[in-house]
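**Q** Below, each chain spelled out in residue letters.
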Amino acid sequence: MSNETEVLRENFALILRLKEQAEALRKESDMLLSGMRDILSAQTPEALYQNMFEVFASLIPYQICFILSHDTPGYMVCKTSTTPAFLDTKWPVDDVLKRTLIGTPTAIFNARIQPAWQALERPVETPAAVLYCPFIDNNKTSIIAFCSPEIGFYTQTHINTAERYREFTEQTLMSVQAKLDALESQKLKKEREQVQLSMVQSEKMASLGLLAAGVAHEINNPLAFVNSNFDALSGCMPALSEFFGKTQRVLKTQLPCATKLQQIEALFNEYDIEMLMEDLQEISADSKEGIHRVCDIVKSLQAFTQDNDADDKAYFDLNNCVDDSLRLLKSKFKNTVQVTKKLNTIPLLKGSQGKVNQVLVNLMVNAYQAMASSAHMYITTGVKDTPNIHNLQSALDNGAGDGVAQNAFVTIIDNGCGIAEDKLDSIFEPFFTTKPVGEGTGLGLYITYTLVQALGGEITVDSELNVGTEFTLTFPIPK
Amino acid sequence: MNIITAFSNHTDTQQLCQDVITTLREAATQYNVLVAYFNIEHDVHMIQSFLTEAFACPVLLASSCQGTFAITPTGEHPAASLSVFGIADPDGAYGVGYARVNADTPDISAQKAMQMAVANSGRPYDTPVLIWTIMPPGQEESLITGFSQIIGPNVPVFGGSSADNDVSGNWFQATQDVVAQDLVMVLVMHPSKPVGYSYSSGYEPTDVKFVAQDCTPRQIGQLNGQVAAQEYNTHTNSSIAESLTGGVVIGSTTLYPLGRPIHTKMGVTEYLLSHPDSVTPTGELSLFSAVTENETFVLMQGSVEALVKRAAVVAQNALDVLPEGSKPAGILMIYCAGCRLTIDDDVLAMQNAVLEQIGQVPVVAAYTFGEQGCFSDGKNRHGNLMISAVAFSQ
Chain F
1 MSNETEVLRE
11 NFALILRLKE
21 QAEALRKESD
31 MLLSGMRDIL
41 SAQTPEALYQ
51 NMFEVFASLI
61 PYQICFILSH
71 DTPGYMVCKT
81 STTPAFLDTK
91 WPVDDVLKRT
101 LIGTPTAIFN
111 ARIQPAWQAL
121 ERPVETPAAV
131 LYCPFIDNNK
141 TSIIAFCSPE
151 IGFYTQTHIN
161 TAERYREFTE
171 QTLMSVQAKL
181 DALESQKLKK
191 EREQVQLSMV
201 QSEKMASLGL
211 LAAGVAHEIN
221 NPLAFVNSNF
231 DALSGCMPAL
241 SEFFGKTQRV
251 LKTQLPCATK
261 LQQIEALFNE
271 YDIEMLMEDL
281 QEISADSKEG
291 IHRVCDIVKS
301 LQAFTQDNDA
311 DDKAYFDLNN
321 CVDDSLRLLK
331 SKFKNTVQVT
341 KKLNTIPLLK
351 GSQGKVNQVL
361 VNLMVNAYQA
371 MASSAHMYIT
381 TGVKDTPNIH
391 NLQSALDNGA
401 GDGVAQNAFV
411 TIIDNGCGIA
421 EDKLDSIFEP
431 FFTTKPVGEG
441 TGLGLYITYT
451 LVQALGGEIT
461 VDSELNVGTE
471 FTLTFPIPK
Chain Y
480 MNIITAFSNH
490 TDTQQLCQDV
500 ITTLREAATQ
510 YNVLVAYFNI
520 EHDVHMIQSF
530 LTEAFACPVL
540 LASSCQGTFA
550 ITPTGEHPAA
560 SLSVFGIADP
570 DGAYGVGYAR
580 VNADTPDISA
590 QKAMQMAVAN
600 SGRPYDTPVL
610 IWTIMPPGQE
620 ESLITGFSQI
630 IGPNVPVFGG
640 SSADNDVSGN
650 WFQATQDVVA
660 QDLVMVLVMH
670 PSKPVGYSYS
680 SGYEPTDVKF
690 VAQDCTPRQI
700 GQLNGQVAAQ
710 EYNTHTNSSI
720 AESLTGGVVI
730 GSTTLYPLGR
740 PIHTKMGVTE
750 YLLSHPDSVT
760 PTGELSLFSA
770 VTENETFVLM
780 QGSVEALVKR
790 AAVVAQNALD
800 VLPEGSKPAG
810 ILMIYCAGCR
820 LTIDDDVLAM
830 QNAVLEQIGQ
840 VPVVAAYTFG
850 EQGCFSDGKN
860 RHGNLMISAV
870 AFSQ
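First to last, the protein sequences are chains F and Y. Sequential numbering from 1 applies to the first sequence in my numbering. Sequential numbering from 480 applies to the second sequence in my numbering.
No lab work stands behind these hints, which were simulated from the structure alone. Check before you lean on any hint, since a few could be wrong.
[Stated by the list, open to error] The calculated lysine-lysine pairs, modelled on DSBU-like cross-linking and capped at a C-alpha distance of 35 Å, are:
{"no.": "1", "chain 1": "Y", "residue 1": "788", "chain 2": "Y", "residue 2": "672"}
{"no.": "2", "chain 1": "Y", "residue 1": "806", "chain 2": "F", "residue 2": "140"}
{"no.": "3", "chain 1": "F", "residue 1": "98", "chain 2": "Y", "residue 2": "591"}
{"no.": "4", "chain 1": "F", "residue 1": "90", "chain 2": "Y", "residue 2": "806"}
{"no.": "5", "chain 1": "Y", "residue 1": "806", "chain 2": "F", "residue 2": "79"}
{"no.": "6", "chain 1": "F", "residue 1": "140", "chain 2": "F", "residue 2": "190"}
{"no.": "7", "chain 1": "F", "residue 1": "187", "chain 2": "F", "residue 2": "90"}
{"no.": "8", "chain 1": "Y", "residue 1": "591", "chain 2": "F", "residue 2": "90"}
{"no.": "9", "chain 1": "F", "residue 1": "190", "chain 2": "F", "residue 2": "299"}
{"no.": "10", "chain 1": "F", "residue 1": "246", "chain 2": "F", "residue 2": "90"}
{"no.": "11", "chain 1": "F", "residue 1": "98", "chain 2": "Y", "residue 2": "788"}
{"no.": "12", "chain 1": "F", "residue 1": "140", "chain 2": "F", "residue 2": "90"}
{"no.": "13", "chain 1": "F", "residue 1": "140", "chain 2": "Y", "residue 2": "858"}
{"no.": "14", "chain 1": "F", "residue 1": "179", "chain 2": "F", "residue 2": "189"}
{"no.": "15", "chain 1": "F", "residue 1": "190", "chain 2": "F", "residue 2": "260"}
{"no.": "16", "chain 1": "F", "residue 1": "341", "chain 2": "F", "residue 2": "189"}
{"no.": "17", "chain 1": "F", "residue 1": "384", "chain 2": "F", "residue 2": "187"}
{"no.": "18", "chain 1": "F", "residue 1": "384", "chain 2": "F", "residue 2": "341"}
{"no.": "19", "chain 1": "Y", "residue 1": "672", "chain 2": "F", "residue 2": "98"}
{"no.": "20", "chain 1": "F", "residue 1": "98", "chain 2": "Y", "residue 2": "858"}
In this text the structure is predicted, and so the values were computed from the model without any measurement.
Kindly produce the complete structure, drawing on both the sequences and the hints.
**A** Quick look at the structure:
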């Protein structure tokens with residue numbers, strides 16, 4: 001018998017073992033990569049943890065897996081587990097956990113005899129074998145524990161695997177933490193958006209409240225004279241009715257035509273029909289004017305309250321917005337504020353008309369409140385060339401002069417009390433107000449700023465104490 | 480981690496012990512554990528006494544067939560009277576446990592020994608990296624089962640059954656506390672550096688297959704429906720022709736063991752060997768390991784040349800599975816006493832083959848009446864005519 005056959009068989013076994021190891025490594029790499037993708041694609045913390053534990057399972061088999069973090073001195077606490085019963089369990093740091101924390105993974109052949117399990121205040125299902133692996137989490141050492149129902153399941157092979165993938169585990173948990181932060185940030189962002197939306201609505205309702213009296217006045221005035229006109233019309237009706245009755249009777253008689261004409265002419269004179277018709281025309285024109293004024297004010301109100309955020313194709317006419325806003329404030333400004341408008345032709349701009357109206361009303365009301373006697377407000381719209389910050393870098397890179405863009409603007413200038421220089425930097429901050437306590441929310445300009453940003457525009461302010469303030473809104477002109 | 484091996488072949492037991500004690504003391508001041516094998520021509524009590532008085536660490540001592548094998552930095556011997564494998568590993572943890580084997584409940588005895596060993600290791604809850612065991616021949620399978628009932632079936636168990644020089648039952652096991660002939664001893668190991676191991680035979684399968692029937696735990700009544708001794712004799716060139724109606728056949732069957740195919744997951748078939756040691760007057764074959772009814776065996780075939788070269792290959796295999804870059808510290812080996820008796824004077828050639836293969840890596844090997852180990856499938860087994868090696872690294 002030759003020993004060569006035995007040697008060949010062993011060499012073959014060695015080659016197979018190496019091949020198996022190489023394949024196992026490749027499989028592990030593939031598995032880990034796909035696992036990482038699964039982790040990062042999770043959309044909820046629950047899915048995130050589930051994916052994380054599945055990735056760990058691809059490394060080391062387990063029935064239960066949980067993570068222990070530092071709690072009070074001498075204790076660790078379970079904050080993450082595949083089994084809910086383990087959550088919030090408090091673990092005394094016994095010799096095994098201590099060695100794990102300061103060293104390498106530790107395999108326990110039978111957890112039922114390990115002191116930490118016996119000392120748990122809240123009993124949980126105790127597995128047989130446990131593999132504890134240390135990892136760095138937020139600069140502190142935590143422990144991930146894999147549990148198996150089979151005594152002595154975890155051996156040196158698993159310890160070696162845990163050691164080999166310790167860095168991966170730490171990276172995974174860091175990714176999980178980052179993802180959790182991202183999810184939390186998304187949640188906070190959504191909540192913030194909700195709050196902002198709510199604040200915008202509240203502010204809009206507050207503005208409406210402020211405008212309500214003036215708007216009511218603006219509606220009541222035309223309605224009053226329309227009503228009066230109708231009263232007058234009603235007063236004419238009996239005479240007209242009588243005139244038409246008598247005229248009809250004259251027409252039905254067998255009298256000669258000339259006689260009929262004489263009698264009708266007498267009726268015209270008797271009822272002063274010419275005068276009556278003039279009155280009726282005047283009443284009709286007045287009423288029509290009154291109805292138009294009511295329609296305009298209602299349209300302005302609608303424009304102020306409309307919210308077409310969801311409509312990507314919404315456009316607004318900045319000049320119309322100025323007119324709408326002034327219309328809503330007409331009653332408030334009457335006899336107190338002299339308004340000078342200079343509205344130049346502007347192309348339609350992209351965005352919600354309601355938002356723009358809210359911004360303009362806010363600024364005009366602020367201006368109104370800042371002005372005392374001899375109040376004068378100047379409103380100008382137009383188009384101007386301004387540096388385009390979005391294209392500036394590419395323009396610099398390309399050496400091209402594409403750093404200038406045309407923007408639409410509206411300036412609102414008042415001759416009010418002005419804003420102190422040291423306050424100018426704070427006026428767009430939430431809850432900043434110079435008004436007495438209880439009179440201002442401090443959200444008006446913050447919301448104005450937020451709305452202008454949402455429209456893709458910019459707002460700037462220039463002010464001099466006791467001289468006046470100039471707000472300029474700039475909006476990009478769509479190409 | 481440091482491994483120090485020492486041996487002596489002195490005929491005077493006191494001097495024998497003094498030789499190894501001197502060597503060990505010169506090499507290290509403290510040991511975690513000493514594993515020692517000796518030839519029963521020397522008094523076990525004296526050796527146990529000298530070693531335990533000289534060193535404070537736990538000691539495992541067992542008899543080895545016709546001497547022990549040692550390679551040390553200062554020399555080597557294939558059949559030294561006393562060889563000691565000293566483990567000095569301040570960052571590791573080791574625990575020794577033992578129990579007398581109760582013939583009716585050997586697994587309980589093994590449990591006790593294991594519990595004692597893990598308790599003494601200083602890491603009473605940790606899964607050991609490896610178990611080294613010394614057992615009395617006879618109930619090794621049950622003892623392995625007992626171990627697994629405490630620490631599970633996945634921890635590699637290596638070691639051998641203690642042996643005497645003529646299969647007369649004069650084998651011994653001893654620790655620092657006790658000397659006995661029915662002691663199961665366990666060394667729980669948590670080395671600070673990686674270990675590698677290998678478990679193999681030096682035999683080739685033939686085309687002859689046997690189905691064993693009328694089996695008692697370690698006896699086969701029939702092979703392929705024929706009287707076991709006769710059927711075996713037919714296929715082995717009449718190797719036991721003179722003992723068909725009874726007698727010891729251990730020397731005649733060494734080159735023709737029965738092999739159980741173990742199909743590993745890599746697709747390579749390993750063979751766990753059973754060694755027929757005697758024939759009953761009614762033609763049953765007695766073995767050094769247990770068989771089950773209807774178990775299929777492959778007749779294996781060996782040669783002195785293969786057995787001589789085999790130890791070196793097994794030692795090298797153990798070194799090969801150490802992690803890349805590891806520096807070997809020493810090798811603890813088991814070589815079947817049956818093979819050792821078969822190669823007889825070629826034991827020196829066997830030693831030279833090992834030296835040639837692995838160089839001056841410290842080695843201690845025992846010649847045993849049964850070998851425990853695990854193949855690449857990770858399952859612990861007891862076999863005969865096997866060779867095993869556990870390699871430690873620095």
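**Q** Name the hints, by number, that the structure is in violation of.
**A** 4, 5, 10, 11, 13, 15, 16, 17
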